[in-house]
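Participant: Going down the list, the sequences are from chains S and L.
So that you can map any letter, position 143 of the first sequence is 160 in this note's numbering, and since no number is skipped, the others follow by simple counting.
So that you can map any letter, position 185 of the second sequence is 202 in this note's numbering, and since no number is skipped, the others follow by simple counting.
One or more of the hints may lead you astray.
Copies of the same chain look alike in the list, so a pair counts if it fits in one copy or across any two.
To be verified - With a cut-off of at most 16 Å between alpha-carbon atoms, the simulated EDC-like pairs for lysine to aspartate or glutamate come out as follows:
#  : residue 1 : residue 2
1  : K183      : D24
2  : K152      : E80
3  : K152      : E309
4  : K152      : E194
5  : K305      : D83
6  : K305      : E258
7  : K179      : E48
8  : K82       : D106
9  : K305      : D98
10 : K190      : E48
11 : K305      : D87
What the hints contain is simulated information worked out from the structure, not anything from laboratory work.
2 protein chains.
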Amino acid sequence: MTGSTSDYVFQQVTIIGVGLLGGSLGLVLKERGVAKTVVGIGRRRSNLELAVQLGAIDHFASEPKDAIRDSDFIVLATPVDTYDSQVQDWGQSVPSGAIVSDVGSVKGQLVFDIEAALPSNAYFVGAHPIAGKEKSGVAHATSTLFDGARCIVTPTPHTNAKALAKVRGVWEKAGSEVVSMDPMVHDWVLGAVSHLPHIAAFSLMHALQDLQAQTPEALNLLGFSGGGLRDTTRIAASSPEMWRDICLANRENLVKMIDQYIIRLHAFKQLLNDQDGAGLAHTIEQAKTLREGLP
Amino acid sequence: MTGSTSDYVFQQVTIIGVGLLGGSLGLVLKERGVAKTVVGIGRRRSNLELAVQLGAIDHFASEPKDAIRDSDFIVLATPVDTYDSQVQDWGQSVPSGAIVSDVGSVKGQLVFDIEAALPSNAYFVGAHPIAGKEKSGVAHATSTLFDGARCIVTPTPHTNAKALAKVRGVWEKAGSEVVSMDPMVHDWVLGAVSHLPHIAAFSLMHALQDLQAQTPEALNLLGFSGGGLRDTTRIAASSPEMWRDICLANRENLVKMIDQYIIRLHAFKQLLNDQDGAGLAHTIEQAKTLREGLP
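Working from the sequences, and respecting the hints, build out all of it.
Facilitator: What follows is the structure, given as structure tokens:
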């Protein structure tokens with residue numbers, strides 16, 4: 018796509034971390050004429066070269082500062098545990114009027130920390146595109162990754178309205194349904210509907226490993242599993258590094274949520290111990306109704 | 018299929034409970050020439066008439082005793098909590114040399130109880146075809162339901178070898194892979210790979226309901242759920258009556274298994290409280306490896 022400089026929303030975008038999400042965003046920005054130039058920042062040269070070949074970025078650098086100095090949109094697409102050191106490194110190089118955003122799965126305090134670390138004339142808008150991540154790496158990047166997905170933007174009382182509108186516009190161009198949410202509420206919501214189910218699945222795999230150790234004879238317990246267990250634990254096969262970071266960043270909510278889950282498991286156990294058939298039927302019926310109400 | 022009387026494995030089969038499983042077994046027995054005549058027993062006349070139309074049974078009765086008196090194979094396909102009253106009702110009508118079997122998801126003590134309630138010259142062989150049950154009712158019955166599925170038979174020290182071979186033969190004709198297992202081991206194995214995951218999914222839905230009640234603003238928590246939660250809780254939308262019965266019948270194993278699961282959830286919570294990044298990465302990596310090892 019070509020156009021005069023003034024047709025672009027952004028003249029130069031810097032994407033820090035060109036993996037599945039960063040690369041897919043680059044493709045959106047380029048293919049849909051949102052950005053004139055996209056610069057990729059990363060550690061592995063081979064990955065950045067692939068990103069250029071795929072059209073996700075125009076060129077690349079290993080050091081972010083120079084690219085950032087000439088950019089009007091900077092997107093953090095590295096793991097959330099790197100945010101602090103990233104912003105320490107190049108935060109003060111963000112030019113006046115530029116917008117900084119991210120694509121991380123955790124928000125909360127991180128958003129306020131980044132806001133505080135940027136120059137007062139730069140703008141931060143947190144964003145979390147809820148897009149499939151079973152495969153990682155720029156090789157799987159596609160400009161349709163965000164089509165029909167939800168993207169949560171997390172403005173704070175300090176967020177600049179024009180910057181927020183521009184970031185919303187990027188994700189609408191990407192085909193996403195954009196929803197706005199307080200950063201702390203975001204982490205509570207995602208903790209419940211995404212992080213807790215992951216922990217439930219991780220822990221179920223571990224419990225089954227323990228039960229295998231208690232199984233008589235040379236019987237391979239998991240060999241008898243079917244589609245039910247496979248579905249229930251599909252998300253247990255997620256990236257350990259990414260989920261370590263999410264769990265650490267959202268640990269305060271997650272500790273409470275695990276406790277709530279344990280309360281419900283104890284309640285179910287009590288029904289079993291009481292041989293309470295009516296109670297069991299009622300509680301399973303409730304679960305069924307809740308499950309059938311999912312979008 | 019037609020043939021002389023001597024070509025059939027069984028002259029008259031009585032199926033008690035003509036739903037998805039009983040009906041599908043009837044279709045297998047008729048279509049694949051295993052039984053000359055199949056009699057259906059049930060409470061609802063309309064259901065039995067449908068079963069005749071579908072070819073799952075030849076004719077039907079509401080009272081089992083008469084049909085059973087002339088049968089050489091009797092299959093219990095009613096919920097497991099009815100086994101006791103069923104066998105009280107017609108157990109002494111089972112003719113000499115006849116085989117009684119079932120299709121229930123729980124075995125354990127039930128198998129020994131049925132054995133004890135039958136005349137000494139009749140044979141019991143427990144069977145559990147592990148077949149999909151998302152839709153119920155004879156209307157969804159099909160002779161291919163058991164194709165490629167596993168069927169666990171649960172002989173005891175009292176099981177007659179010829180009767181066991183005949184029951185295995187029925188399920189092999191149905192296209193299933195037949196595995197033999199002690200009735201108590203069966204309940205332990207199924208408790209782990211099927212019942213515990215169901216309880217995990219039921220309780221997760223309940224915990225999310227509790228978290229919804231703690232959510233600020235008029236925010237619909239479950240409205241933000243995606244494919245992860247949907248997969249993890251798919252089995253929560255199972256039949257409450259069936260799962261009440263399974264949970265009650267296998268409650269001693271399940272109480273231990275829920276405890277083991279809770280131990281693992283506590284351990285995960287401890288890693289969060291300790292902010293133990295290396296421990297979290299290690300434990301998630303383990304879960305991923307276990308999940309990827311599922312058949």
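Participant: With reference to the structure, classify each hint as holding or not holding.
Facilitator: Outcome of the hint check:
For a Cα distance limit of 16 Å, the shortest separation of K183 from D24 inside one copy, 14 Å, qualifies, whereas the shortest one across copies, 78 Å, does not. Taking the shortest alpha-carbon separations for K152 and E80, neither the intra-copy value of 27 Å nor the inter-copy value of 58 Å comes in at or below 16 Å. In this homomeric assembly, K152 and E309 come within 16 Å of each other (Cα to Cα) only across copies, at 14 Å, whereas the closest approach inside a single copy is 28 Å. When the C-alpha separation of K152 and E194 is checked against a cutoff of 16 Å, the pair qualifies neither within a copy, at 22 Å, nor between copies, at 34 Å.
Taking the closest pair of Cα atoms, K305 and D83 never come within 16 Å of each other, the shortest separation being 55 Å inside a single copy and 39 Å across copies. Taking the shortest alpha-carbon separations for K305 and E258, only the inter-copy value of 12 Å comes in at or below 16 Å, while the best intra-copy value is 33 Å. Taking the shortest alpha-carbon separations for K179 and E48, neither the intra-copy value of 23 Å nor the inter-copy value of 71 Å comes in at or below 16 Å. Taking the closest pair of Cα atoms, K82 and D106 come within 16 Å of each other only inside a single copy of the chain (8 Å); across copies the shortest separation is 84 Å, beyond that limit.
For the identical chains of this complex, K305 and D98 are neighbours neither inside a copy (37 Å) nor across copies (21 Å), given an alpha-carbon limit of 16 Å. In the homo-oligomer, the alpha carbons of K190 and E48 lie at most 16 Å apart inside one protomer (10 Å), although the nearest pairing across protomers, at 57 Å, exceeds that limit. In this homomeric assembly, K305 and D87 never come within 16 Å of each other (Cα to Cα): the closest approach is 54 Å inside a single copy and 42 Å across copies.
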